[in-house]
Each structure stands twice: as structure tokens, then as C-alpha cells.
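**Student:** Sequence:
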Amino acid sequence: MKLELRNMKLSIENWDKAHELDQLKQEAAKRLNLRKNDIQEIKIIKKSVDARKKDDIRFIYSLAVGLNKEIHGNFVDDKDIFEYRLEKYVEVLSGSESMENRPIIIGSGPAGLFCGLLLAERGYKPLILERGKDVDSRAKDIDVFWQGGIFNEESNVQFGEGGAGTFSDGKLTTRIKDSRCDLILQKFVEAGAPEEIIYINKPHIGTDILKEVVRNLRNRIIGLGGEVKFNAKVTDIIIEQNKCKGVVVNNTENIYSDVVLAALGHSARDTYKMLFDKGVSIAQKAFSIGVRIEHHQSMINEVQQGKFAGSPALGAADYILTYRSETTGRSAYSFCMCPGGAVVAAASEVGMIVTNGMSEYARDMQNANSALVVSISPEDFGSSHPLAGIEYQRTWERKAFEAGGWNYNAPAQLVGDFLAGASSSKYGKIRPSYTPGVKLTDLHLCLPDYVTTTLKEALKNFDRKIKGFARKDALLIGVETRTSAPIRIVRNQNMESENIENLYPIGEGAGYAGGIISAAVDGLKAAESIIGQYKPIK
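To get our numbering, take the position in the sequence shown, counting from 1, and add 113.
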């Protein structure tokens with residue numbers, strides 16, 4: 114007999130990492146009016162933190178509890194006890210059509226990797242084409258750039274194995290409810306991620322572990338008969354009678370396929386243009402732009418965790434903040450908050466500045482950072498052209514490059530000066546984590562007025578929620594423009610382009626996901642669509 118017990122609590126003061134399961138077993142026995150020995154097994158399903166009372170922070174659990182067959186506790190009136198039912202991923206049956214050529218996947222971000230992994234596991238021997246380098250070579254190129262060296266347009270935070278998420282916090286949170294999410298987390302664990310990501314409320318891997326996981330996923334795909342090619346930029350697609358027949362790689366090599374899955378990143382601007390020029394249906398899409406804000410992580414810990422600030426049991430504290438401007442009517446919100454992390458240079462084109470946030474698994478750096486962004490709609494683009502959102506992004510990225518000194522230093526401003534409308538000239542206690550460097554200036558030079566107006570209101574509102582959030586020496590670093598894709602490649606219910614057969618736009622870059630997990634889910638769905646139509650390749 115197996116039960117699910119929800120709303121199980123352990124005070125952080127009594128919590129013992131080494132004996133967590135034993136403590137939970139004891140509490141479960143009490144809850145079920147049983148002896149501890151009556152419980153055969155216990156597993157954590159979900160674990161979260163209740164920090165509403167700063168002097169009494171608790172861990173909240175859902176548990177799967179296995180009992181001896183003859184045991185029946187007196188718990189029928191407990192509304193938080195249920196029969197445990199594990200929702201399993203249901204495999205799609207293979208179709209009957211034959212493939213002449215193996216499926217091609219463009220891109221090795223979360224959508225591409227998990228699409229490729231499922232296809233490989235089911236015998237379809239996919240070919241993944243990645244314009245950038247393998248994760249280890251890519252990491253070296255990024256480090257050179259961050260240390261003030263050469264910027265590589267094909268190997269950077271946006272392009273390369275693992276996609277943009279590889280050099281972020283490795284967050285695995287999502288709002289979608291889908292059994293595929295659990296499958297993805299399990300695959301991450303099998304590839305080297307900590308097992309806790311399966312049950313903690315806000316799972317993250319960190320860029321240090323994520324690089325290892327990405328490498329292992331690639332090797333798994335190869336071991337199952339798939340292939341991954343790096344420095345293989347898709348420069349054209351082959352279309353005959355409104356059907357995609359294959360791709361052209363690096364302007365020289367034609368590769369034919371019955372299925373082409375476009376798992377692009379949200380920064381593949383040249384590929385977007387190529388697809389548009391080939392007649393693929395593309396629509397404008399809203400996104401958000403803004404800045405990164407940096408505080409000392411210790412301040413965030415103190416506000417969010419009270420007397421338990423700095424406790425190893427809790428780790429570095431995070432936050433989620435939202436606001437709607439009374440003046441502009443726009444939403445402002447924190448995005449991709451990176452506890453104990455750094456603001457990083459994330460450009461993908463020469464002469465532009467883009468910021469992002471990154472943390473390692475330990476989240477033990479001095480600063481906390483988060484994007485503070487404002488909603489942008491297609492009406493702001495100034496054009497009805499499907500790719501107008503890209504040009505809108507470029508406008509502000511170029512202005513940030515100019516404001517930063519034309520050398521990939523990021524423009525920055527102290528919050529106090531930003532609110533006062535004055536250019537910054539010296540730091541306070543908080544120092545920037547961004548490399549290669551920062552230039553203190555006025556961020557009004559590289560953001561539209563409606564964004565700066567909204568951000569000023571939001572900062573004051575957020576300061577009431579987190580005391581010290583708008584402190585004068587907190588740092589704003591610009592600009593954050595790649596919150597999501599500025600386009601959507603229109604597809605039908607079968608996940609196929611609405612006007613080009615055999616072309617499957619998937620993931621965040623295609624406009625159908627927002628984050629590692631949702632992109633990976635979209636990749637799995639696309640793979641299932643292919644599996645359901647075709648037979649495995651012999």
C-alpha cells in the first residue's frame with residue numbers, strides 16, 4: 114500500500130540534512146497513527162520553503178509512503194492524504210511510414226537536445242546540426258571574451274552546444290503541467306544533475322554542472338546511433354513544392370531529410386531572416402526589455418530569510434517581483450533572478466551589448482542579480498514587418514554599445530542616480546560583476562522613455578516589498594533584450610510549419626517556449642509527432 118502525504122512540515126531549526134528521510138519517516142508515522150517501523154519506504158515527491166514567517170521558516174513536503182500490506186492507519190479524515198498514483202510518461206507508438214533519410218535537428222539547445230534524445234532512444238538516428246562549438250570549446254571562447262579578448266559571433270553565450278541556458282542559472286522551473294517535465298528532470302539526473310532537482314520546488318543546476326549534463330546528453334544521443342555536428346551552420350533550407358527536403362550547411366553541403374526540426378535559439382537572427390526569405394510563415398511576438406540589477410546577496414538573504422539568513426539549509430535567497438505602471442500601463446517584473454551569481458556579457462552580434470545572468474550550482478558569489486524588464490508589444494516596433502522586433506532589439510543593443518564606450522563594456526548606473534535622472538560617476542558599496550568591464554553613465558541613453566518611466570515606478574514599488582531594493586548604490590546594468598523570441602514561426606497542431614511541409618519549428622527560438630524545461634517539453638512533443646508518423650530507421 115502506498116500513500117501520498119501532503120503538507121508535511123519540518124522546522125528549519127530541527128532539520129538535519131543527513132537524517133532528513135528519517136525525520137520525515139518519524140513525522141509520517143505520527144501523521145498516520147502508526148509506528149515508524151510500519152513504514153517500509155519513503156520518498157520525497159516535492160519540497161518547498163515556507164518563509165512567510167521569518168522567525169519560523171519551514172520546509173514543506175509531499176511524500177510517497179509505502180506501508181506494510183496489513184497496516185491500516187486511522188487517517189480517513191485527513192484531507193492531505195491520498196492514494197499515491199505515479200503519473201508516468203506514456204510512449205507514443207511508432208508510425209508506419211518509412212523514412213528515406215534520418216531526421217535533421219537544427220540547434221542543440223534544450224528543444225533540440227531532448228528532441229534528439231527521444232528520437233535516438235526510439236531508433237530514428239537523428240542528425241543534430243549546431244552552428245556553434247561543443248560546450249567545452251565554447252566555454253573557452255566565452256572566457257576569452259569575458260576577459261577582454263576577441264568576441265566570436267558563432268561561439269558565445271547565445272550560440273553553441275546547450276543553447277543560451279547553458280550559461281545561465283540552469284533554472285528548471287516551469288509553470289506548465291505536463292508528465293514530460295518529470296521525464297526531463299529524470300534524464301537530467303541520469304546525465305549528472307543532482308537528484309534533488311526531481312523534487313525541490315525551485316530546481317536549478319548551475320552553469321558548472323549544466324555543462325557536464327549537456328556533454329553527457331550529447332554522448333547519449335551519439336551512443337544510440339545519432340550524430341552531432343558542430344560548426345555546422347544551416348545557411349539555407351531546400352524547398353520543393355512547399356515541402357522542406359533538407360538543408361544547406363555552411364553554404365556548401367546539401368543534406369536531405371524527410372523531416373527538418375528547427376530548434377533555433379531566440380537569437381538566431383540570421384536564420385530567422387533566411388527562413389523568412391524562403392517564404393516560411395513568421396509573425397511578430399511580444400517580449401520584454403530592461404536592465405540587470407545587482408545587490409549584495411547578503412542583503413537579499415536578510416530580507417527574505419530573517420534570522421536564518423545565510424543558513425546552509427536555505428542557500429542563497431531569491432525573489433519574484435511584479436508591477437503594473439499607472440503611467441504607462443506596462444508590466445514590469447523581475448526575470449531570471451540569479452542568486453549568488455554574476456551579470457554576463459551575452460551579445461551575439463558585433464557592436465552590440467546584451468546582458469544576462471548566470472550562477473553556478475553553489476550560488477556562492479557576492480552579488481545577487483536579476484533582470485528588471487518591461488513589456489514590449491509589436492505596436493512598439495514601428496513596423497508591421499514580421500522581423501521588426503529584431504531591429505527593435507538591435508536599436509537598443511547598439512545604443513548600449515555606444516553608451517558603454519564602444520568596447521563591449523556595459524553601461525551602468527546607480528539606482529539613486531537613475532531615479533534622479535543624473536549620470537553616475539562613482540560606485541557605492543556594490544561593485545559590478547560584469548566582465549569585461551562596466552562604464553558608469555546614464556541608462557536613459559540606451560532605453561526608451563516608456564521603459565525608464567516604468568522601471569522608476571517599479572523600483573519604488575519593489576523597495577516596499579524588499580527593503581533596500583532601491584538603495585542608492587544598487588547597480589543597474591544595461592541592456593537586457595533577449596527575454597524571449599521576438600518572432601513566432603507559425604505552425605499547425607501537428608507542430609509543422611503552417612505553409613512549409615516537413616519543417617517543424619520548435620522551442621524557445623520558434624516562439625513556443627520560455628525556459629529550459631518548456632523548451633525541452635516542446636522538443637519531446639515534436640519528437641513524438643515524428644515517431645507517431647514514421648517507422649524507426651534500420
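Be a bit skeptical, because a hint or two may be false.
To be verified - Now the in silico label distances, taken between C-beta atoms and shown as ranges:
hint, residue 1, residue 2, range
1, K573, S411, 45 to 53 angstroms
2, E515, Q354, 45 to 53 angstroms
3, N214, N605, 16 to 24 angstroms
4, E308, D168, 50 to 58 angstroms
5, A131, V361, 50 to 58 angstroms
6, T441, T508, 29 to 37 angstroms
7, S124, E515, 28 to 36 angstroms
Unchecked claim - Below, in silico cross-link-like pairs of lysine to any residue (SDA-like), each with a Cα-Cα straight-line distance of 25 angstroms or less:
hint, residue 1, residue 2
8, K315, V463
9, K138, E196
10, K386, I352
11, K167, Q354
12, K638, S175
Don't read these hints as lab results, they were simulated from the structure.
Note that the structure is a prediction, hence the values are computed from the model and not measured.
C-beta: ideal position from N, C-alpha, C; glycine also.
**Student:** Work down the list of hints and note, for each, if the structure agrees.
**Tutor:** Results of checking the hints against the structure:
no.: 1; hint: K573 x S411: 45 to 53 angstroms; result: violated, 23 angstroms
no.: 2; hint: E515 x Q354: 45 to 53 angstroms; result: holds, 47 angstroms
no.: 3; hint: N214 x N605: 16 to 24 angstroms; result: holds, 23 angstroms
no.: 4; hint: E308 x D168: 50 to 58 angstroms; result: violated, 31 angstroms
no.: 5; hint: A131 x V361: 50 to 58 angstroms; result: holds, 57 angstroms
no.: 6; hint: T441 x T508: 29 to 37 angstroms; result: violated, 19 angstroms
no.: 7; hint: S124 x E515: 28 to 36 angstroms; result: violated, 53 angstroms
no.: 8; hint: K315 x V463; result: violated, 35 angstroms
no.: 9; hint: K138 x E196; result: holds, 17 angstroms
no.: 10; hint: K386 x I352; result: holds, 16 angstroms
no.: 11; hint: K167 x Q354; result: violated, 64 angstroms
no.: 12; hint: K638 x S175; result: violated, 28 angstroms
The structure fails hints 1, 4, 6, 7, 8, 11, 12 (numbered hints given earlier, in ascending order).
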